[in-house]
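K.L.:
Protein chains in written order, with this note's numbering: chain X, 1 to 821; chain S, 1001 to 1134.
The set of hints was computed from the structure by calculation and includes no laboratory data. Glycine included, C-beta positions come from ideal geometry on N, C-alpha and C.
DSS-like, lysine-lysine: derived pairs with alpha carbons at most 27 angstroms apart: (1) S:Lys1003 <-> X:Lys374; (2) S:Lys1003 <-> X:Lys459; (3) X:Lys525 <-> X:Lys461; (4) X:Lys378 <-> S:Lys1002; (5) X:Lys39 <-> X:Lys131; (6) S:Lys1048 <-> X:Lys421; (7) X:Lys303 <-> S:Lys1003; (8) X:Lys242 <-> X:Lys43; (9) S:Lys1003 <-> X:Lys461; (10) S:Lys1111 <-> X:Lys549; (11) X:Lys242 <-> X:Lys524; (12) X:Lys525 <-> X:Lys303; (13) S:Lys1076 <-> X:Lys421; (14) S:Lys1041 <-> X:Lys421; (15) X:Lys303 <-> X:Lys375; (16) S:Lys1003 <-> X:Lys375; (17) S:Lys1002 <-> X:Lys303; (18) X:Lys421 <-> S:Lys1038; (19) S:Lys1002 <-> X:Lys238; (20) S:Lys1115 <-> X:Lys421; (21) X:Lys462 <-> S:Lys1002; (22) X:Lys462 <-> S:Lys1003; (23) S:Lys1048 <-> S:Lys1111; (24) S:Lys1003 <-> X:Lys470; (25) X:Lys467 <-> S:Lys1003; (26) X:Lys164 <-> S:Lys1115; (27) X:Lys520 <-> X:Lys459.
Anything over 12 angstroms on all C-beta distances counts as not near chain S; from chain X, calculated: (28) Gly160; (29) Ile364; (30) Ser372; (31) Gly485; (32) Ala651; (33) Ile728; (34) Asp729; (35) Ser771.
Simulated restraints on C-beta separations: (36) S:Ser1034 <-> X:Gln4: 53 to 61 angstroms; (37) X:Tyr205 <-> S:Glu1091: 26 to 34 angstroms; (38) S:Lys1002 <-> X:Phe18: 53 to 61 angstroms; (39) S:Glu1037 <-> X:Gln624: 58 to 66 angstroms; (40) S:Lys1002 <-> X:Phe157: 45 to 53 angstroms.
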Amino acid sequence: MNQQLAGEHLFPGYLGQFLIILGFVSALFTAYSYFFAVKLEGKAGQESAENIWKRMGRGAFIIHAISIVAAFSTLYYIIANHLFEYHYAWRHSSKGLQVKYLFSCFWEGSEGSFMLWALWQAVLGLFLLFKPNALESRVMVIVSIVQALLCTMLLGFYLGPDIKIGSTPFTLLRHEMQDAPIFQRPDYLSFITDGNGLNPLLQNYWMVIHPPVLFLGFALTLFPFAYCMAAVWKNEYKIFIKPALRWALAGGGILGLGIMMGGAWAYESLNFGGYWAWDPVENASLVPWLILVAGLHTLVVYKSTGRSLRITMIFFVLTFLFIWYSTFLTRTGILGDTSVHAFTGAANFLYWHLLIVMGSYLAISLFFLIRSWKKMPKIAGEEEADSREFWMLIGSVFLLISSLIIIMYTSLPVWAPLYNKITGSNIAPPEDPVSLYNNIQVWFGIIIALLSGAIQFLKYKKTSASKAWKQLGTLAVVALLLTIGLVWGQQIRPVPLMLFAFTIIFTVIANIVYLINNQKGKVKKAGASVTHFGFGLMLLGVLLSGYGKRVISLDQSGKVMDYGLETFEENARESRENVLIFRNTYVPMDKYLVTYLGDSVVNNDPPITYYKIKFDRHDPETNQLLESFVLTPDVFVNPKGQEGISPNPDAKHYLTHDIFTYISSISDPESKSDTSSFIPHVAKKGDTIFVSNGYVVFDELTSQISNKNYQPDESTIAVNAVMSAYTIDGKVGTAFPVYMIRGNQVSNMTDTLRSLGLMISINKINPQDESIEFGIRQRAQQDDYVVVKAMIFPYIGVLWIGILVMFIGFIISWYARRGTR
Amino acid sequence: MKKAHIILIVLIAAAMAVIISSFSQFSTYETFASAAEKEGKSFVIIGKLDMDHEMEYNPLEDANRFVFYAKDNNDKTNRVIFSGTKPTDFERSEQLVMTGYMKGDDFICSKIQMKCPSKYENDQIVVGNEQQMN
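With the rest of the complex left out, here is chain S (with noise of 0.2 angstroms):
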């Protein structure tokens, strides 16, 4: 067999094999309730701001704290403490996908991604000083 077809196929077999490892370093998305079963472990959740609960950010006090409440797809609601600023825009996201593990009660999450009504989906024109119409 030609020189270059062995290099080849053992670098498409070390390859693979580096991709079939590296699964392991994957997140699987869950739900607070089956994240709150393997506690610790992080995992991703995606879920709603829950405006039903206040929000917390003080950054007189901890610059690095945002508290919120959110709900995953299956309609629970739970604590979640994020590190960091409160991202632009928040009220206004239409989904959240937080990554984080469970402590307790609370979901500690490091990263979160937002998604928000872009403005082009968004039905609402203003209309000069006239009522706003959707």
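Isolated chain X (complex conformation) (with noise of 0.2 angstroms):
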């Protein structure tokens, strides 16, 4: 027991290791009572003993999700109250976080993801023992032993002093800090006012909801496993397939949605210039996510055909594996240097650890499948080569290969060092990874989305009519017409692009006529057209952005830098993508005149300063302004502990592209320029004072203060100047420099504008002619600037009215194949 320490509250952290402790312990005897019930199915006379086990495992289950549940809103306790005695609430919030996101807090950190992983299988659990099925038994052992595992992530148990097994959210900050000095005083947390607080990059609104739903895909991935392993056990393989199915469908839907959420905060948010960057930690979702889509495929074939039922195991246990893998991959910190991502350091524990349960998964699998094998049904003879199952077991194969590869180029940190000692080279990542994964990748784009449209029009075991064919010549020809336009609108000069653009303009059509033409629109069976529709949007989409995109903020005035080499020249010309505007100043950017107008601060913590860059269209011959429009990338100046700024970019969206742009750099705020001191200008009510770049208007004097910044005081007086500042755009603002006497004492309050960088003080009051003498400060020009980086993405609007079409058609298959059938 802890000793209680001034200003403690140990009992949520007691609370929370026992929930913990309790949530592993039912998991297991779930899994216990479970297996007893699977043992006896189907044995004569026994069903009642089956059923006394089954209802024990029922309730150690129910007692397992209200511990995980009971868990979760403790450490969540934890953190709204800013409990800094606790090392996760330190960790990760702090007091002038807005309460939004205190979420995000809770999922910033290794074990509150793991809880809401474990949170949302324990939840999905539930919905199998509600709904009566035959297979509940030995489902159920998979599941609660992949939570019992999964628990002990969250343990903290020492087994000696140098092997832990788990972390857990609910340890005293000054157990992990033992070293630190403070903690010898008992007085300790009245010296310790604010947490280390959240990440400025992750004070967003998608890092509240992308991480659940990402982990809420994670989730359902174990239910198509866990169906697999279920059929295998007895050698039942026909009503499997329908829950299988289901669960596939609604994972495929939500850890796509979850992933694709992901590449949108980094594209509104983010500075990876854009939505994916083929980073191992985007890499490893995707690749259970394709596989996932293989497996549903083949289980589609397996029920309609009987064939293919082989693979589909091994696509969902794959799948699965995989999932735990990229758990692996991001927080192992093996990936170190190879990504941005890298989410911790290295934690030797963590990575035996998720070795030893990947292994325990792996070592189940193939306990089962091989036991099993011969004795899963097989189709004698092959599949015709013009069937549909033919060809969609060629697809997801396809699918698979992909998905290797993938993982493969991302796993390079995990097998270079074998490589190494094979061949003595150390090798790295490649210059341009974005490059090496399009390259291949596309191929793999152009077969999939060829498919995805074909094989809708071939039929199971045999596809004789003729129709068939001539709908897939027909719809061949509009697709080649409509990609020759494409091809040359948007100036498509590589040829794998333009077979890219083919076979993606092929599927959307396709599937259109198919749903309409060959369904008849029934929205019933629509599931798979809208999907792959919405599938074809999102590759045109990533197409037209990709191929399209481009820097428009070239740096034209720089020195141009000496470099001999061919490549390298290019490369690095290309690389002076960033450009420096000064306050009030414009620089050509494309078809777009840029100017920076100057910024603005809010409060937050830490500070958030909002930089106004306006762009403006001119007609080429006529001169006349066609458009115009402000957009205000932000940045965190000096975040706590950090130097420099940590910017977040804003971006003007229209049908047919984005401009998209950030702020590289800043002007120090702080600057003092020896060209800028308080000039005096005196002015009467209603006088006007001209500044650099606009004129300021001295409207009154009244007692009535508007500076927030004053604290009234009885024993002052105080009188405050309205001061409305202009430029040619129009009012920019007002100011309200505060003057004041207390007793004898004069003294008076600047107020800034800082959209015309001035400062203005009262210097003295005239009461004889009522005129005033100002101080007004302006920051010299060359002191107050941006650097910015600006990037055009055409048709980026298509890649996300894809995703939500694509998911939307998960949700249709979903939906569509509940009830018996």
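Starting from the two chains in their separate frames, assemble the complex, guided by the hints.
P.N.:
This is the structure in structure tokens:
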């Protein structure tokens, strides 16, 4: 037991830890009970005994689920109440944080996200309990074992001084940092006034919604796997089909959505310059999704023809294994040098822990599969070459190979040491990983797009009717014509991309035609067509925005660096993609004249500065202003403990393209230039004072103080001047410098107008002629500048629409398959 | 043999051929010395920021030129010219992974990946208005 020190609340920690252990034990007991239920399944006269075990299993799992939910709530309580005696609360949250970001804190750390994962799986498991189904016992054995193993990640037990099992979020700060002298004091807590805070990059709504959706997707992949194991356990291969298929559809939709939410986040808030960078963390989630989709299709084949059962099993097992592998890659720090996403440093115990857990899953899967391999039903003879099932199988295999290639490159840090031992060469990721992935994956994209359109028109067993071929032929011709238009219009040069454009257009129109013509627009059957259509749109968005993406902020003014080499010269000159803009001046970018208008600060922890960047587009001939908009990319200046800036982009969304910009560097906001000082100006009410790029009007002097920084005081007489500031665009703001008299002491308070870089104060008041002497200081323009990067993403809207449509398609399929059939 | 299996084998063979041929695109981790031997070829060098030398970033002159000194794993310090802006928190980076090539005495760098001390690993606690302790 911990001795309770001053101000500590130890109960939540004890409760939370107890609940995790309870969750772990109850999961084990669930597995145990259901295991005995399985043993008694089907045995004559043993139904009542079987039922007893089943009910015990259900009860145990309900206790497990409640424990997890309660542990989750306890951790949230600790974070929300800022109990900084707990390491987790201290590390990931702070008092100044807005309430909506408290959940972001929750999943910022490894333990919190494991807990989220466990929570989803527990909730999904409960669904299984309340729907009567014959496979309940077997599936629940698998589910509860996995839950138990997941709980071990949260235990935080020590076996001896060196071996740690799991990591608990309920540990105390003073236990984790025992060497810090402050913890020798019993009143240490009074010194810890605030937590470490949430990384500013994570202070946005994406961090609230992306992890829950993603981890729900992770949790869903457990169930097709569990159903496969349930089927092979007793060699019953009929009843598992429908539930496995529905779980796979739900998983495909939600995991896919979760992955692309990460992409949307990267696009909107971070500075990867896009939505997908083939970053290891992105790839590690994409790979199980591709394999899940492959398994889903071969399961449909099995359902319709009795073929491809074994490969379906392999797909669903691989999906589940790769989900855990993605956890392994991202959390153990093994990717360290190759990913901007590496979430934690190398934690040795986590490395071995996860390896053992993955090994267990592999062992269970191999045991069951090998044991039943020969017993799984097979259809004699092989598929016809013009049958649906043949080509669906080919398509699924393509998906598998695509994902294996991706994960192989992504895992380079894992196998590089082995490669080094064999060849002696210490390889590193390529100079341009994006090209490497794109150049290979485009071929898979071409094939998959083509198949996702064409296969719809094939029939199971054999497609003899010439009608199908005629349809395909017509579609191909129409697609070809449209492709020629697109390639010419977008000036797509590389041949693989032209092919890609063709197959994308083909699948888009093929699926629409199939839905309307062949399926007669029946929504119930529309799932596949809608999903494929959405997929096609997504690929179209990828192609157009990726190929057409270009940086428009090209630095024309800097010194040209002297490079002797051809290839790198291009490269390096193109890296000059940041442009400096002084306040109230403009630079040309593409069709636009881009002006930096000024900045404004918003109170937050840490403070956020918004920079107003105006884009004007004029008709090249008449010089008429065609359009004008202002983007406000923002920056956290000097976030806690950091130097420099943490920028977030802003974008203007059109139907046909996005203009995307962010601040890459700023002038020092506190810099004092020798040339700017307070210059006196005498003015009467209504007078105008001219400054650089604008003017200020002295509206009136009033004792009603509008200056927010002023604290009223009984013994002080205060007045403030209302100063309205204008530029050629109109009024830009108002300043309220204050003048105060206390006894015989006079003082003043300056007010600032950042958009003009002005600081205004009242030097003297002359009551005789009702004039005021102001001191006005304006930051020299040379001191106030930003360095921006701006890009155009053509047709990126098509990508987002495609994702939503694809998700809807998954839901339609999932929903259409409910009920007994 | 089944048609499907034949296609499978062909696919796998093709994939392997593609992958092995792509190995030539991989970089290798080098040091300044070994990169200097193969001047002009692109490599990845792991190093640390050398704070003994001054860094230069003057966006008023050139927004895309950032000069600093880095020390590689053989403790050799070299001048690095990066064609971009000065990254956030550069001074606090624990490790730099730089991709580029040697030209003359300088390492011309096109990409930097920094390993920053995660706030999570930082042993500093900011304690009210009192002293900071390690």
